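K.L.:
Here's the letter readout for the chains.
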Amino acid sequence: MTRPRVALFVTCLVDLIRPRIGFASIAALEAAGCEVIVPEAQTCCGQPALNSGDRKTAEDLARRTIAALEPYDHVVIPSGSCAATIRVHYPEILEHDASWGPRAAALAARTYEIMAYLDEVRGWKPDGVALPATATYHDSCSGLRELGIKRQPRRLLAAVDGLALRPLDGAETCCGFGGTFCVKYPAISNAIVGEKAAAIDATGADLLLAGDLGCLMNMAGKLHRDGSPVRAFHAIELVAGMGDGPAIGEDA
Amino acid sequence: MNPTVSDSFGARVDAALADRNLKLAVERTAGTAEAKRTLAVDAFPDFDAARDRAAAIKDHVVANLGFYLERFEANATAAGAHVHWARTAQEACDIVIRLCKQADAKSVARSKSMLGEEIGLPHALAEAGITRIETDLAEHIIQLSGERPSHIIWPAMHKTREQVSALFRTSHRNPHEEETIAAMAESARRHLREGMLAADVGISGANFLVADTGAVCTVTNEGNAELSLVPPRMHIVTAGIEKIVPSTGHAVHMLRMLSRSATGAPLSQYTTFYTGPKRPGDRDGPEEMHIVLVDNGRTTMREEGLAEMLRCIRCGACMNHCVVFRQIGGHAYGGTYPGPMGAVLTPAFDGLKQSRDLPNACTLNGKCQEVCPVRIPLPTLLRGWREKSWREGLEPASLRSGLALWAWFARRPRLYRAATATALASMRLMGRSGWLSTLPLAGGWTRYRDMPRPPADSFMAQYKKKLGKGPRP
Numbered sequence: 001m002t003r004p005r006v007a008l009f010v011t012c013l014v015d016l017i018r019p020r021i022g023f024a025s026i027a028a029l030e031a032a033g034c035e036v037i038v039p040e041a042q043t044c045c046g047q048p049a050l051n052s053g054d055r056k057t058a059e060d061l062a063r064r065t066i067a068a069l070e071p072y073d074h075v076v077i078p079s080g081s082c083a084a085t086i087r088v089h090y091p092e093i094l095e096h097d098a099s100w101g102p103r104a105a106a107l108a109a110r111t112y113e114i115m116a117y118l119d120e121v122r123g124w125k126p127d128g129v130a131l132p133a134t135a136t137y138h139d140s141c142s143g144l145r146e147l148g149i150k151r152q153p154r155r156l157l158a159a160v161d162g163l164a165l166r167p168l169d170g171a172e173t174c175c176g177f178g179g180t181f182c183v184k185y186p187a188i189s190n191a192i193v194g195e196k197a198a199a200i201d202a203t204g205a206d207l208l209l210a211g212d213l214g215c216l217m218n219m220a221g222k223l224h225r226d227g228s229p230v231r232a233f234h235a236i237e238l239v240a241g242m243g244d245g246p247a248i249g250e251d252a
Numbered sequence: 001m002n003p004t005v006s007d008s009f010g011a012r013v014d015a016a017l018a019d020r021n022l023k024l025a026v027e028r029t030a031g032t033a034e035a036k037r038t039l040a041v042d043a044f045p046d047f048d049a050a051r052d053r054a055a056a057i058k059d060h061v062v063a064n065l066g067f068y069l070e071r072f073e074a075n076a077t078a079a080g081a082h083v084h085w086a087r088t089a090q091e092a093c094d095i096v097i098r099l100c101k102q103a104d105a106k107s108v109a110r111s112k113s114m115l116g117e118e119i120g121l122p123h124a125l126a127e128a129g130i131t132r133i134e135t136d137l138a139e140h141i142i143q144l145s146g147e148r149p150s151h152i153i154w155p156a157m158h159k160t161r162e163q164v165s166a167l168f169r170t171s172h173r174n175p176h177e178e179e180t181i182a183a184m185a186e187s188a189r190r191h192l193r194e195g196m197l198a199a200d201v202g203i204s205g206a207n208f209l210v211a212d213t214g215a216v217c218t219v220t221n222e223g224n225a226e227l228s229l230v231p232p233r234m235h236i237v238t239a240g241i242e243k244i245v246p247s248t249g250h251a252v253h254m255l256r257m258l259s260r261s262a263t264g265a266p267l268s269q270y271t272t273f274y275t276g277p278k279r280p281g282d283r284d285g286p287e288e289m290h291i292v293l294v295d296n297g298r299t300t301m302r303e304e305g306l307a308e309m310l311r312c313i314r315c316g317a318c319m320n321h322c323v324v325f326r327q328i329g330g331h332a333y334g335g336t337y338p339g340p341m342g343a344v345l346t347p348a349f350d351g352l353k354q355s356r357d358l359p360n361a362c363t364l365n366g367k368c369q370e371v372c373p374v375r376i377p378l379p380t381l382l383r384g385w386r387e388k389s390w391r392e393g394l395e396p397a398s399l400r401s402g403l404a405l406w407a408w409f410a411r412r413p414r415l416y417r418a419a420t421a422t423a424l425a426s427m428r429l430m431g432r433s434g435w436l437s438t439l440p441l442a443g444g445w446t447r448y449r450d451m452p453r454p455p456a457d458s459f460m461a462q463y464k465k466k467l468g469k470g471p472r473p
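Chains as they are written, first to last, in my numbering: chain A, 1 to 252; chain B, 1 to 473.
So here's chain A without its partners, still in its complex pose (with noise of 0.2 Å):
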């Protein structure tokens, strides 16, 4: 296979919360033999406009993230959620549009959530990489419903010497994250977290892995606060040999 120019597409909260998760998307990437490039005209997708109803910013956004994307071989987001965004609603935002409609598409196409890149398109795994403890994985919603990411993140974790999956119960119910839903209506998203949160420390796993920061850092504060041992971290880190560093939360 060549060597494909790939553009990442670090997301907002990965760019200000948690750059770990970038810096191990590049080495995986790179490891799997890409040529990685950060496009600094990228700044974030527009997803919370698109669901807070501001269309016209949404679709501005969407133009800016296109023309800052486009020119690469293939766009790796480490986040099912964004890539939703860019993969299933530009395309639908975009279509009214003559000229910016088929550049949404066409961007859709080579656009991929992490997980999915590495296993499907570049049939990798994570040769070497070791870290004996035991996890469990939520399946954030975007990424599961809108683009079908089950089996490839789990496929790249079973590859890791000596990690245990648990199995989570409820890992496909939402964490009750929702973007701007969990500070719109935290009381509900508290209440809905509250049970994913028993549900990750019922498990009796060492770390809680997923695909979404967002929905990490929701599950990660609630079972801090509530005093749970269990160490969050982007499935990617643990993918790229990273999961022996701090986890979210934790002072580097």
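Please keep in mind that the hints were generated in silico from the structure rather than gathered at the bench.
Just so we're clear, the structure is a prediction, and the values are computed from it rather than from any experiment.
A couple of the hints might just be wrong.
In silico lysine-lysine, DSS-like type, Cα no more than 30 Å apart, as pairs [as the list claims (entries may be wrong)]:
(1) B:LYS36 <-> A:LYS150
(2) B:LYS353 <-> A:LYS184
(3) B:LYS464 <-> A:LYS125
(4) B:LYS466 <-> A:LYS125
Following the hints, complete the assembly by docking chain B onto the known chain A.
P.N.:
Relative to chain A, chain B alone:
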């Protein structure tokens, strides 16, 4: 404590979240329904193809509504029924009250109908001085406690068995002696049978209207529809115009989807097709049958981008699987229909201004769409309401200005990096450990959860340093 519709959404939510009995009751029923549906769907050969067919049947009917409704009217009339048309809820109620008065009705027996709730029929009957007896067990409970249904399949799902027992003891003439399900059901049966047999008119909704036979189909698990509709002199049906299907075969396909999605059962206990009133030689049946076909905003929904919502067969799977519904129950939604389907329908029926919270109070996780037997794209429709709410300026000013400021920076990558660097620096000051437990402007988050303390430098800043030059354009 029952929140009232006049409370704000926030107040209703607070009341619901504080009511642990509610949570227990909802979890018992919805949790069981979820598990049973999974088993039923797994055992169904190619459920996805069956869903595609169900969606296609409904889309075809909704696109050709006039044709099938006229056909239904002609065939129902030929079978001896009278068909009436109502554009609004008020018109529908007026027709039903006029018919009841024509029949000189003192009391009516009603078989559960969400359309009846939607048009306010219980209230209209009370205003007209007509005694109403709800014959569905759950509706009976609701009627005794003076509440509204909180679920479309289990109207009293918010009540525990213990609460129902207490209610029956004070309301039934010969209440149950033991507090067992069987004894309680027997108590209700004794009480309800008297009302059913004494009723002058039986009123029902319709699960399906069959165009090529003029039949009205009802589905129950208690047989109360049959007992309420056959003995009285007159049977009145109130049905939404989207309930139509082309033929009995189509109705049977929809029935298989409906019961599995609702309760996980292959079929409901009782399924009856009523075609016209009693004919000469029939031993029983009503002398008159009237069918009131109600629009109440449905043609407007079809024209205004909500045609897919008219596929809905009222199974309740969306609410049974909704994380928000499971926490707040049905009353918090404040409309006739709760859950994701209610969040789409209530703004259409009651106005977006009064109900803008409903489409917003959703995580857009897509589970409702995943389980919908007719593949209604509920998240897309909810997002559509959010867009309308934004366009019409109904969203709060704080959200609008916050989002506008963020978007202004997001359009300008260099300024965005400068602004986010400042934001990170100030967030770093809020805590010394890895976690922040208070955060200005994000109290909704930190009231319940801790927030990971952000790094000193963003990814972009760290990446630039590592590269020793700027990231490539």
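K.L.:
Hint by hint, note whether the structure agrees.
P.N.:
Each hint, compared with the structure:
1. B:LYS36 <-> A:LYS150: Cα-Cα ~23 Å, so holds.
2. B:LYS353 <-> A:LYS184: holds (17 Å)
3. B:LYS464 <-> A:LYS125: At roughly 28 Å apart (the allowed maximum being 30 Å), A:LYS125 and B:LYS464 satisfy the hint.
4. B:LYS466 <-> A:LYS125: With a Cα-Cα distance of about 26 Å, the restraint between B:LYS466 and A:LYS125 holds, given a limit of 30 Å.
Every hint, counting from the list given before, is met by this structure.
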